[in-house]
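Protein chains in written order, with UniProt numbering: chain A, 1 to 325; chain B, 1 to 325; chain C, 1 to 325; chain D, 1 to 325.
Simulated from the structure, these hints should not be mistaken for laboratory data. Quick caveat: nothing in here was measured; it's all calculated off a predicted structure. Incorrect hints may appear among the rest.
Because identical chains share one entry, a pair is satisfied inside a single copy or across any pair of copies.
With a straight-line cut-off of 30 Å between C-alpha atoms, the simulated DSS-like cross-links for lysine-lysine are [to be verified]:
1) 218 <-> 77
2) 218 <-> 90
3) 53 <-> 87
4) 229 <-> 3
4 protein chains.
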Amino acid sequence: MGKIKTIGILTSGGDAPGMNAAIRAVTRGGIYNGFNIKGIYRGYDGLINDEIKPFTTENVSGIINRGGTILKTARSKEFETPEGREKAYKNIQDEGIDALVIIGGNGSLTGAMIFAQEYDIPCIGLPGTIDNDLYGTDNTIGYDTTLNTIVECVDRIRDTAQSHERIFFVEVMGRDAGFLAQNSAIATGAEAAIIPEDSTDVDQLQNFMERGIRKSKKSCIVIVSESPKCGALYYADRVKKEFPGYDVRVSILGHLQRGGSPSARDRILASRTGVGAIEAIMQGQRNIMVGVRNNEVVYVPFADAIRSDKPFDRKLITVLDELSI
Amino acid sequence: MGKIKTIGILTSGGDAPGMNAAIRAVTRGGIYNGFNIKGIYRGYDGLINDEIKPFTTENVSGIINRGGTILKTARSKEFETPEGREKAYKNIQDEGIDALVIIGGNGSLTGAMIFAQEYDIPCIGLPGTIDNDLYGTDNTIGYDTTLNTIVECVDRIRDTAQSHERIFFVEVMGRDAGFLAQNSAIATGAEAAIIPEDSTDVDQLQNFMERGIRKSKKSCIVIVSESPKCGALYYADRVKKEFPGYDVRVSILGHLQRGGSPSARDRILASRTGVGAIEAIMQGQRNIMVGVRNNEVVYVPFADAIRSDKPFDRKLITVLDELSI
Amino acid sequence: MGKIKTIGILTSGGDAPGMNAAIRAVTRGGIYNGFNIKGIYRGYDGLINDEIKPFTTENVSGIINRGGTILKTARSKEFETPEGREKAYKNIQDEGIDALVIIGGNGSLTGAMIFAQEYDIPCIGLPGTIDNDLYGTDNTIGYDTTLNTIVECVDRIRDTAQSHERIFFVEVMGRDAGFLAQNSAIATGAEAAIIPEDSTDVDQLQNFMERGIRKSKKSCIVIVSESPKCGALYYADRVKKEFPGYDVRVSILGHLQRGGSPSARDRILASRTGVGAIEAIMQGQRNIMVGVRNNEVVYVPFADAIRSDKPFDRKLITVLDELSI
Amino acid sequence: MGKIKTIGILTSGGDAPGMNAAIRAVTRGGIYNGFNIKGIYRGYDGLINDEIKPFTTENVSGIINRGGTILKTARSKEFETPEGREKAYKNIQDEGIDALVIIGGNGSLTGAMIFAQEYDIPCIGLPGTIDNDLYGTDNTIGYDTTLNTIVECVDRIRDTAQSHERIFFVEVMGRDAGFLAQNSAIATGAEAAIIPEDSTDVDQLQNFMERGIRKSKKSCIVIVSESPKCGALYYADRVKKEFPGYDVRVSILGHLQRGGSPSARDRILASRTGVGAIEAIMQGQRNIMVGVRNNEVVYVPFADAIRSDKPFDRKLITVLDELSI
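Here chain A stands alone, though its shape is the one from the complex (with noise of 0.2 Å):
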């Protein structure tokens, strides 16, 4: 492969805030140094279709403050196969693009890592996930704004279940990893998070259900991340009926926590992180997800970013606890 002229760009997976302000920093990081960019809808399903389209820097303006992705986004079914792949790269090499930054989460991530494999074509992967659970990153693009929504919903929420005295059950996102839980009850006062890298069995609960409701406090929150047996409505029925004369509430934040503008974190770390894809490429790096870990921008393999076990700190369950009392 030759000298890299032009950047291809997609979103890809679920939406996060901050995937604009990352599609900006690719676009305007990549012009400045020179670069083509073109910008490719509705992720790996637009490489397939060809719906593809040239970027100046006036595409991306006014988009660094807005939720969603401009680029749109889908979970492609058809790159999952060969055929799918190759009308891609067709479709790549048509179109002249040398190389691809993709913004998306671990799925997508290793999408980029299969194509890669099989084609040859420099692939660069941002970390845009609300659920921070790609491995190499401290953070991924999307978690800090996600965390804080949630944050502001559960204020509210505390608002109504302190006034009627109420037990609250609140479901929040990320299936396989429970940052956003964990973090979020302790950033709430809740008084307990239920998550998946820990195991929640009656005993707890009933140990908690003593601990806060049963002294001082009449009111309080429980988080729970997303699980399709184990969710906040699976919880709130056991504890109606283990613990009965508890009025017991449940609310799914749902996809509401997807949306709105993205927090400062957010914004900044999409812009280091495009930067820093356009200077991997310069660099002749392929195949590598650009990360910040302690303030540093990193690249990670993608082999290493999409691993299953990023480390879950479990002091802050500690924490929780203490400070729920």
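Fit chains B, C and D to the known structure of chain A by using the hints.
Quick look at chains B, C and D alone, frame taken from chain A:
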């Protein structure tokens, strides 16, 4: 009944943002005009169980900007019985309370009306409900904040709806009144609102699907008033069945709609009606709700306030229709 | 003048949150009813310099929730001259514009009135100003958002005022009208408001200092309407001089009061009056401002709308007085 | 000194959002681990004047989400004198306080260091300052909230800047450290930042004016760190003089930057360092600041924490430069 010296104040029913501002206004307005104020906790239950304490201006310091109610609230079953009301009246006499201010919605004011018919105690109501369904006041305390909360949430959902090109059915509060749904639909640029005041059938949904989605717009938001049978889940299911091929999602905003720091309007409405309640007492008024109509403080007899036919401006349906093209 | 086919729309004067929602409503309401819409950029200057382009429903997509104005705005010196207005009219004819919708405040509607007296062009105004000083409409577009922005800022300042036990003079917009100052003072629980509608002299300040600070309260907020001579700095200086020993600070909120995503109310008011402007044109109205009074859309002749004596409810002064004890 | 039984806690210097969350964490973490907690009011002045009262878990209920500090704060002149510190120590002994936790910035921790050198009392600091200028911790408590507050304000100013096509110089806090200015400039997509860490001369301003305004952009935001001599007013004046023809405005954000409900991050940082302070005391640590570095709780000797050379990542200057094209 002799000269009024001591005023009791309580909040009842579903909590609404601005209730604290109303408690503050009644307390300070009362003290300013020479009355003693007593705070009654947990609504009518607190009257029955004698959860009452004297209030000074300091008790209501720093609460104007806080959601919920420092007096707590409840829906009292016991107060619906003659025995309950008898206990309540006995405590009122024992505490030396000469007049009551009740902040609450339809059910709470109905309770006050019945109580005032049975016992010689002047009752003054303040319209504290997010639903805006009290007759004789342009707005209720809490309505404006909840409207803004819904708008903020739907703005966020719009980000993700557009990024993924999805149809969202968003369920908001207002079981018997579509004020929240219709007005939030206009304010968010939603494509449709489904409200109790207006029937929505398959034809209409089809009409709107064809008008909106099938042309240039690829995403769509429908706001749905909560309903035991025909809520957001019901309509989402029907659309999935009758218009397969769309990516349909549901978001039920739930209890977070009740909380949060009250908006400027709600704080002002609460302050004006709170001061108005004290003036009403000084004028010898009883058994009325204090509202604001055409920017003037008005007194509305309880029997009128709780009428179920607060006029709904049907022109708002036209406004939404024209602007969602 | 024959049948109206094409409507031009512009924003003028100081920008106000909700102007975009108004542009959207006029554009979509117009197109819905069969008109062509042309957007005119930079207020009256754009009429003079022919900065005009056709608008479709897509031009106004995704703007209902955005502050500022996509049409830009300006205070045109040239339009104040007969020559300027002549150029403007010539462009109107060349562009085939049959009616004008002007979104702006006092000065902008005055310009429209003069223009409509000189040339045969129906002019419809929308009340777009944060100051709320247009007669005949209960609220102006932008006023509610700015009120909430001020309240948010003062809530923040209160945190630091209380922590340090300081006196803050906070200057807000509204040079000739105290609506913002008086209402934000009530909404934030400020100790006093200094407004153009009411004289504030040393005695009053002393009175309030003695009442508030010298008793239990140790911090204090005074909201001051901006004024060339007697703004927040002036009063802060006087208090420092006459009441030494207090820790006095000044905060001038400035231009951030103009921006931000419009509140629910402002979006709804903009939507209703925008649709109302199209209806006015269809009814053959001209030279009127569309407002909302007592929750009904009304048409107010320009000469009335720009009257400088919009009634100020002096009872609000009493409310603030009683509640700041 | 014998076994530590009672811990005193105070906040000192400029207030920062998250101080309340820190007070809560120290109090609850302390009580959880068997200590008595005493709250000291008004910073070091409260030590000197014996404004001290016992704290229970209830004293810190419902404060995690509130700005300011319930303990009040002050900059104590008297504590800078040996006599003041002597009085303070006497009160500490009389109150039976065995260890002190001080939440504050540079000046406050310097005071703690001096005090601990003179008297046998373990002092533990928490980094409570919006400026982020304490060495050895990645972030200080309050920095993230203030950064987000600035970003929100500048987003608003951008609306009006674009609508009027103006140049805004926005002054933000951070007299000796450009963290707030540089990072908020990146996060808001500002065109430039003027910070103490970097000289900005006429040539640069010219360069940026030519690059930005004179091409496609018609509005521009420059973020300026506050400075006695070279603040936003100074640069605005120079630009007006040297580049006449631009519409230049100034906005000084001022004290509202200190207030507001703390962000998720600040609450978590405060909670972790608060628990960390108790652990430090249990380990026999003294005269250290508790920080978080690389997501780990760390102990930093006071002498290091107050070093004036916290590293500023100059790459952020490049990021801003590339992205403001």
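To see whether the hints hold, each was checked on the structure:
1. 218 <-> 77: between (49 Å within a copy, 20 Å between copies)
2. 218 <-> 90: So residue 218 and residue 90 pass the 30 Å test across copies only (27 Å; inside, 63 Å).
3. 53 <-> 87: within (17 Å within a copy, 40 Å between copies)
4. 229 <-> 3: neither (51 Å within a copy, 49 Å between copies)
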